[in-house]
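Chemist: Protein chains in written order, with my numbering: chain A, -3 to 248; chain B, 166 to 595.
These are calculated hints, taken from the structure and not from any lab test. Hints are not guaranteed to be accurate.
Straight-line C-alpha distance at most 20 Å; calculated SDA-like pairs for lysine to any residue [what the hints assert, rightly or not]:
no. : chain 1 : residue 1 : chain 2 : residue 2
1   : B       : K541      : A       : V85
2   : A       : K93       : B       : A584
3   : A       : K93       : B       : S580
4   : A       : K75       : B       : E555
5   : A       : K93       : B       : L570
6   : B       : K541      : A       : E48
7   : B       : K541      : A       : V141
8   : A       : K93       : B       : P242
9   : B       : K541      : A       : S38
10  : A       : K93       : B       : L567
11  : A       : K93       : B       : D266
Note that the structure is a prediction, hence the values are computed from the model and not measured.
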Amino acid sequence: MLLKVENLQAEIEDKQILKGLSIEVKPGEVHAIMGPNGAGKSTLASVLAGREDYEVTAGSVEFNGEDLLDMDPEERARKGLFLAFQYPVEIPGVSNKLFMQTAVNAVREEQGLPALDMFDFDEYAKEKIELLDMRADLLDRSVNVGFSGGEKKRNDIFQMALLEPKLCIMDETDSGLDIDALRLVANGVNSLKTPERSFIIVTHYQRLLDYIKPDYVHVLYNGRIVKSGGFELVHELEEHGYDDIIQQHQEA
Amino acid sequence: MSPVAKKAVDFYLAQSQAMNSQGALGALRQQACARLAAEGFPTLKDEDWQYTRLSGFLQNLFANDQVPQLSAEQITPYLPDFDVFKLVFVNGRFQAALSDDVSQLPKGVSFEPSATWLTNDEKAANLFVDETEMAKEPFANLNSALMQDGFVVQVAKNAFMEMPLLVLFVHTGGQADHSRNLVRIGENAEISWIERHVSMDAASFCNAVTMIDVAQNARVNQIVMQQMNDDDYYFANQYISQAESSVFNTFFVSTGSQIARHQNHLYMNGEHIESNQNSACLAAAKQTVDSRTHTEHNEVAGLSRQLHKFVLFDEAVGVFNGMIRVDQKAQKTDGQMDNKNLLLSDKAKMDTKPQLEIYADDVQCSHGSATGQIDKNQIFYLQARGIHREHAIRMITEAFLLEPLEELSKAPVRSWLMAELSQQLQKMNG
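The task is simple: from the sequences and hints, build the whole structure.
Modeler: Dropping the structure here:
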């Protein structure tokens, strides 16, 4: 098991958002987590990545057999957990190259590998840029500064490609993307799929999922997974929306 | 006047009188002394000094009579790894033996120590600042009472010097340095120089006045690096006048001193002038760093740009004061002034006052100022990519501070300044 979340409960500013969420992800699996606004989708992504605004009040998360909740955000990243942000952050003055060389070497340090120097890194980055069909000047620009929404999301995918994580959590990566940008992001994800690498795709809409085709689909509502199934669940939701599910669980 | 201030005033008056200057210089010193005696030193009640506390400075009385012989080896650590033409001053006095041979300067570029000008009535007049200006600046006035040497660099019409000058001011033995400097750049000439202030041991006092005269079409790049020890005092007043179509770029980098106060008084006296004034200031512990600009657009179509960045640790105080004044003749002026500050502790303090005074109607002027702490989303973003929190903070801070350096066109100079600032940042970040 790569990720095992059990009865996870978390709150922000004394408001409980996750109310006992459980999910298991094996290596190579692609899971989608869908749900209406306010269900706790982004909270789940943030808690798994270690954002300090959230307080975990109960439950456990095991990542590759280790206690994830006990780790700093950087330690989680070094051990192979990657969060693609809903809103990638701009960092003026820090070049993508310096940023990613530092990050790649942090992960390599964790794996006991020697650091890549500037030249080795350039070569390694060039491969990934070609793989994702991105603009070559990407590395010289400040992190996300002056990027369009689509470029920012693609920059996150590029980082994912460089860091070669075990688990990629994509937090509403599709929000605000037009169909071309969406396709590019989806192609990026598909080209990074391997038999070992797992994905959790958090989204409100089915659009991105049509391109990525998850193995499992979960519906998150009111801080819990209320329904799980295969890819067919995506189309069920597309037809009926979240209303049926909301109604069902409000009654319960 | 407080007893401490009175004691300091008397001390510096006696020092000036003991210099026993004659002629035009003697007359100027008398004027300056009269003003010092009457007005003393500024206090927190003076608007321009309300954030720059001088009480600690006044406790020290700085003599100006020792010039130790330094060896070339003692100077080496202060030199960059790219080629410069070096002019070395120790406690404000020119040291020919430590400097490059000034007869080897390119054609049209000359250097003389200002000591030789000050005793020549005709030449001395070129080193004197306008009386009304002097009255406004107590430290420039003190410099007039006590100035002893400095650099006079003249660049003839059409002359060009590619290699930058490095004017190295080494301070030692708790002494004062009241340099009076003059740089005159002729029509269509070009020069770059770096002034670096360092100190070797006890608390020193640097009090410089520099006059820069930029003729038509001339291009000038100046960098001032204030890297004195933490218990030193640094004051500098620069009076710059620019003629038509000239370009003047100045960059102030500040990392040391208990108090550092650097002021540009810039007069854009011709059409189509461009000026860039930037600073990168770093302070920690109880240091105060104060960067000021007064920019006058006096003719049509001038362009001025300013970016001043401060990073403050611990209980450091930062002060920025900038004024852009646009004369009614100066239509089509384009003036921009930005001040951005990063506070890395709850006790650090920034006082900022960007101002515009516009008398023309067809102008484009703006000023802005922002002070804040590091955005925690930025820190988290870097952490989420495996970078340790402390390292993330350092990366973001460094990028913030180094932004104005991107303007520097010469790569070796830029890298040198970046390395110096990064090193200092790392030290302060502890």
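Chemist: Taking the hints in turn, state whether each one holds.
Modeler: Consistency of the hints with the structure:
1. A hinted pair counts as satisfied when its Cα atoms are at most 20 Å apart, and K541/B with V85/A qualifies at roughly 10 Å.
2. Taken as a hint, the K93/A and A584/B pair is honoured in the structure, with Cα atoms around 18 Å apart against an allowance of 20 Å.
3. With a CA separation close to 17 Å, the supplied pair K93/A and S580/B stays within the 20 Å bound.
4. Distance check on the hinted pair: K75/A and E555/B sit about 19 Å apart at the alpha-carbon level, within 20 Å; holds.
5. Taken as a hint, the K93/A and L570/B pair is honoured in the structure, with Cα atoms around 18 Å apart against an allowance of 20 Å.
6. Taken as a hint, the K541/B and E48/A pair is honoured in the structure, with Cα atoms around 10 Å apart against an allowance of 20 Å.
7. Of the supplied pair hints, the one linking K541/B and V141/A holds, its CA atoms being roughly 17 Å apart against a limit of 20 Å.
8. Restraint check for K93/A and P242/B: the C-alpha separation of about 31 Å exceeds 20 Å, so the hint is violated.
9. Between the alpha carbons of K541/B and S38/A the distance comes to roughly 17 Å, so the proposed pair stays at or under 20 Å and holds.
10. Restraint check: the Cα-Cα separation between K93/A and L567/B comes to about 16 Å, which is no more than 20 Å; the hinted pair holds.
11. With a CA separation close to 43 Å, the supplied pair K93/A and D266/B exceeds the 20 Å bound.
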